[in-house]
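Protein chains: 2
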Amino acid sequence: MALSVNRQWRLKRRPTGTFSEADFELATAPVPEPDDGQFLVRITHLSADPTQRIWAHEDSYLPIQPIGEVMRGIGVGIVERSRHPQFLVGTTVSGLFGVQAFAVSDGQMVNPLPPDLPPEAALAVFGHIGMTAYFGVTDIGKPKPGETMVVSGAAGAVGSLAGQIGKIMGCRVIGIAGTDEKCEWLRSELGFDAAINYRGNLSEALRRQCPGGVDVYFDNTGGAILDAVLERINLKARIVLCGMISDYTRQHALGITNLRYLIFKRARIEGFLVLDYGPRAGEAMQALGGWLQQGRVKYKVDQVQGLENAISAMNRLLTGANTSKVIVRV
Amino acid sequence: MALSVNRQWRLKRRPTGTFSEADFELATAPVPEPDDGQFLVRITHLSADPTQRIWAHEDSYLPIQPIGEVMRGIGVGIVERSRHPQFLVGTTVSGLFGVQAFAVSDGQMVNPLPPDLPPEAALAVFGHIGMTAYFGVTDIGKPKPGETMVVSGAAGAVGSLAGQIGKIMGCRVIGIAGTDEKCEWLRSELGFDAAINYRGNLSEALRRQCPGGVDVYFDNTGGAILDAVLERINLKARIVLCGMISDYTRQHALGITNLRYLIFKRARIEGFLVLDYGPRAGEAMQALGGWLQQGRVKYKVDQVQGLENAISAMNRLLTGANTSKVIVRV
Numbered sequence: 044m045a046l047s048v049n050r051q052w053r054l055k056r057r058p059t060g061t062f063s064e065a066d067f068e069l070a071t072a073p074v075p076e077p078d079d080g081q082f083l084v085r086i087t088h089l090s091a092d093p094t095q096r097i098w099a100h101e102d103s104y105l106p107i108q109p110i111g112e113v114m115r116g117i118g119v120g121i122v123e124r125s126r127h128p129q130f131l132v133g134t135t136v137s138g139l140f141g142v143q144a145f146a147v148s149d150g151q152m153v154n155p156l157p158p159d160l161p162p163e164a165a166l167a168v169f170g171h172i173g174m175t176a177y178f179g180v181t182d183i184g185k186p187k188p189g190e191t192m193v194v195s196g197a198a199g200a201v202g203s204l205a206g207q208i209g210k211i212m213g214c215r216v217i218g219i220a221g222t223d224e225k226c227e228w229l230r231s232e233l234g235f236d237a238a239i240n241y242r243g244n245l246s247e248a249l250r251r252q253c254p255g256g257v258d259v260y261f262d263n264t265g266g267a268i269l270d271a272v273l274e275r276i277n278l279k280a281r282i283v284l285c286g287m288i289s290d291y292t293r294q295h296a297l298g299i300t301n302l303r304y305l306i307f308k309r310a311r312i313e314g315f316l317v318l319d320y321g322p323r324a325g326e327a328m329q330a331l332g333g334w335l336q337q338g339r340v341k342y343k344v345d346q347v348q349g350l351e352n353a354i355s356a357m358n359r360l361l362t363g364a365n366t367s368k369v370i371v372r373v
Numbered sequence: 044m045a046l047s048v049n050r051q052w053r054l055k056r057r058p059t060g061t062f063s064e065a066d067f068e069l070a071t072a073p074v075p076e077p078d079d080g081q082f083l084v085r086i087t088h089l090s091a092d093p094t095q096r097i098w099a100h101e102d103s104y105l106p107i108q109p110i111g112e113v114m115r116g117i118g119v120g121i122v123e124r125s126r127h128p129q130f131l132v133g134t135t136v137s138g139l140f141g142v143q144a145f146a147v148s149d150g151q152m153v154n155p156l157p158p159d160l161p162p163e164a165a166l167a168v169f170g171h172i173g174m175t176a177y178f179g180v181t182d183i184g185k186p187k188p189g190e191t192m193v194v195s196g197a198a199g200a201v202g203s204l205a206g207q208i209g210k211i212m213g214c215r216v217i218g219i220a221g222t223d224e225k226c227e228w229l230r231s232e233l234g235f236d237a238a239i240n241y242r243g244n245l246s247e248a249l250r251r252q253c254p255g256g257v258d259v260y261f262d263n264t265g266g267a268i269l270d271a272v273l274e275r276i277n278l279k280a281r282i283v284l285c286g287m288i289s290d291y292t293r294q295h296a297l298g299i300t301n302l303r304y305l306i307f308k309r310a311r312i313e314g315f316l317v318l319d320y321g322p323r324a325g326e327a328m329q330a331l332g333g334w335l336q337q338g339r340v341k342y343k344v345d346q347v348q349g350l351e352n353a354i355s356a357m358n359r360l361l362t363g364a365n366t367s368k369v370i371v372r373v
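Each protein sequence line maps, in turn, to chains A and B. When the count follows my numbering, it moves up by one through the first sequence with no breaks and lands on 373 for the last residue. When the count follows my numbering, it moves up by one through the second sequence with no breaks and lands on 373 for the last residue.
None of these hints come from the bench; they were simulated from the model. These numbers were taken from a predicted model, which means no experiment stands behind them. Watch out, some of these pointers could steer you wrong.
[Stated by the list, open to error] Listing some non-contacts, in silico: residues in chain A with all C-beta distances to chain B over 10 Å: (1) Val48; (2) Gly60; (3) Leu69; (4) Pro109; (5) Val113; (6) Leu131; (7) Asp159; (8) Lys185; (9) Lys210; (10) Arg242; (11) Leu245.
[What the hints assert, rightly or not] With the Cβ distance kept under 10 Å, some of the chain B side facing chain A (calculated, not the full set): (12) Tyr104; (13) Val113; (14) Gly286; (15) Tyr291; (16) Ala296; (17) Ile299; (18) Thr300; (19) Arg303; (20) Lys308.
[Claimed, not checked] Derived DSSO-like pairs: lysine-lysine, alpha-carbon spacing no greater than 30 Å straight-line: (21) B:Lys185 x A:Lys185; (22) B:Lys210 x A:Lys279; (23) A:Lys279 x B:Lys185; (24) B:Lys187 x A:Lys279; (25) B:Lys279 x A:Lys210.
A virtual CB, placed ideally from N, CA and C, is assigned to each residue, including glycine.
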């Protein structure tokens, strides 16, 4: 079978602010040939994730994204050629394939997907997004029935799931998002008890919506929202530090000034990464699958057409334009 | 017995920056008469604590210190008159008696002290200071042998004990303090493995002294020191938030910009208060008493003479003039 050329978004320079297409080069390259123990994936769907902005900027939990190389990204695709005994041609797989049309892999960190699972569901629920929400809530936030849980970035892919999981665990859940439309979606479609548009008077809204304080805060934004929630935390509150997207496009992070409330309230902020939960993936998948079937968890996909739009797709996250999971249809 | 008049430091206005004597009034008042179930304490020693600056400024874990009332403070004294069945005349007691010469108490939150315990030791080790260090390290920091532990405010009352407890628990301990003399004391007298004067290039010094990163950070200062240590934390590091003294005299807290490292390193910041450990006081006292006898824990007292100097005594903490425990000899 004759394959077309590969197309790849290569990082050209470090971004400042949101991504710019000028930070990248849309290069063409020959479609690579798999060696023994490798296989070739034709990528069909790419996941746009806020953490890509971290990768492009600094050493983090992964080394900084090298200049000149294909931008890191998670995707779903189909095995087109294989010299690997476990990954057969025609298998649908997900993995860190890069922001490109074709990738060669040796199978490390690659998961085969059930044939009947839509790629959108794989990326929006049954992969890193769902696991992040599930383990962030259950393992770090540990909410108890009757507690108040606040979620920022609540209309995002992880936030919308985290809030719904909080509801399932018996919490009163308040979402924080950046538009009235997102807030309306959280309340009317996802069953959040309340939603706050942070572009208003956030402290006042938190006081009104959380009269009994905040027991669990699932934080996707950091910045001013974290500072405002800190003023409302309860004794022994748990702040789940999942992301700090409000800082990603700043030259300097917005300093957090209210950490003293952690002392006053004997509370904690804890960071976590989905990477650490690989061995427990089955637990999350089973729970999420059940809730999805029962209609207790819903998701939405914000789909962008064409690899050529992958950079603007990532920017939808950084500007808050998206609702729920942004996926690029390659 | 004829008692002299009482002298009391009453808060007159909210402080800005360090305490000023103009923020207070040194008032005289009749020595109060104990009612049934009360006793009168003649205060001999007052503890100067950084948290008094918090009390004077805002609602925290206690309601804000009311204007016009005697400034809150912990002290040691002797029961002079008693109409309380458990607190007999002549007993030495410690409690939240206020910054004054005499106090009436009903015994709540008051502890009788062993007759042979010097009041200085009671305040510097066998009370809130020792318990804060002990439970902060063992219950929140949970260091393992071989780990690297950093302590800020290391020459302070709590910090110097926390570092020594870290050593006893098998850690490599690095202290951060504000003068070369304090650093020398930490190294040569207290057995810290290294000490850093934060007025130099702190990031560079941390890199040099903690080449393997930081596993436990016992933080008494917050601010720029916390931000610098965050850059060096290891996987699953535990930051014990004990105090944030660098912020207490600022109008606005210095914003912390490096919280993202909590995500990168799956680490946590946890606040705690000694108040919560009352039921476990015996455990701390037994451990500290044993270590003190064995010479494995040392303390020093920074003594100020006279109730009239109580405000400047508190300021010794806020300006970093003190080494170890500041006590006012009433």
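Using 10 Å as the Cβ threshold, decide whether isoleucine 299 of chain B counts as touching chain A.
Because about 5 Å separates isoleucine 299 of chain B from the closest Cβ in chain A, which is inside the 10 Å limit, the hint holds.
Given arginine 303 of chain B as an interface hint, is the shortest Cβ-Cβ distance to chain A below 10 Å?
Arginine 303 of chain B check passes; min Cβ-Cβ to chain A is 5 Å, inside 10 Å.
Against chain A, run the beta carbon of glycine 286 of chain B and see if the smallest gap drops under 10 Å.
Holds. Min distance 7 Å.
Does lysine 210 of chain A sit within 30 Å of lysine 279 of chain B, going by the straight-line distance between their CA atoms?
holds (29 Å)
Between lysine 187 of chain B and lysine 279 of chain A, is the straight-line Cα distance small enough, at 30 Å or below?
holds (24 Å)
Can you verify the interface hint for tyrosine 104 of chain B: is its Cβ closer than 10 Å to any Cβ in chain A?
Since chain A brings a Cβ to about 5 Å from tyrosine 104 of chain B, closer than 10 Å, the hint holds.
Does lysine 210 of chain B pair with lysine 279 of chain A here, judged by a C-alpha cut-off of 30 Å?
holds (29 Å)
For the restraint on threonine 300 of chain B, tell me whether the closest CB of chain A is nearer than 10 Å.
holds (4 Å)
Chain A contact restraint on alanine 296 of chain B - CB to CB distance below 10 Å:
With a closest approach of 4 Å, the alanine 296 of chain B hint holds.
Non-interface claim for aspartate 159 of chain A versus chain B (Cβ beyond 10 Å)
Since the minimum Cβ distance to chain B is about 34 Å, aspartate 159 of chain A lies beyond 10 Å and the statement holds.
Next item in the hint list is valine 113 of chain B. Is there a CB on chain A closer than 10 Å to its CB?
violated (22 Å)
Lysine 308 of chain B as chain A interface residue, shortest Cβ-Cβ below 10 Å
Cβ of lysine 308 of chain B sits 7 Å from chain A, so the hint holds.
Checked against the numbered hints given earlier, the structure breaks only hint 13 and satisfies all the rest.
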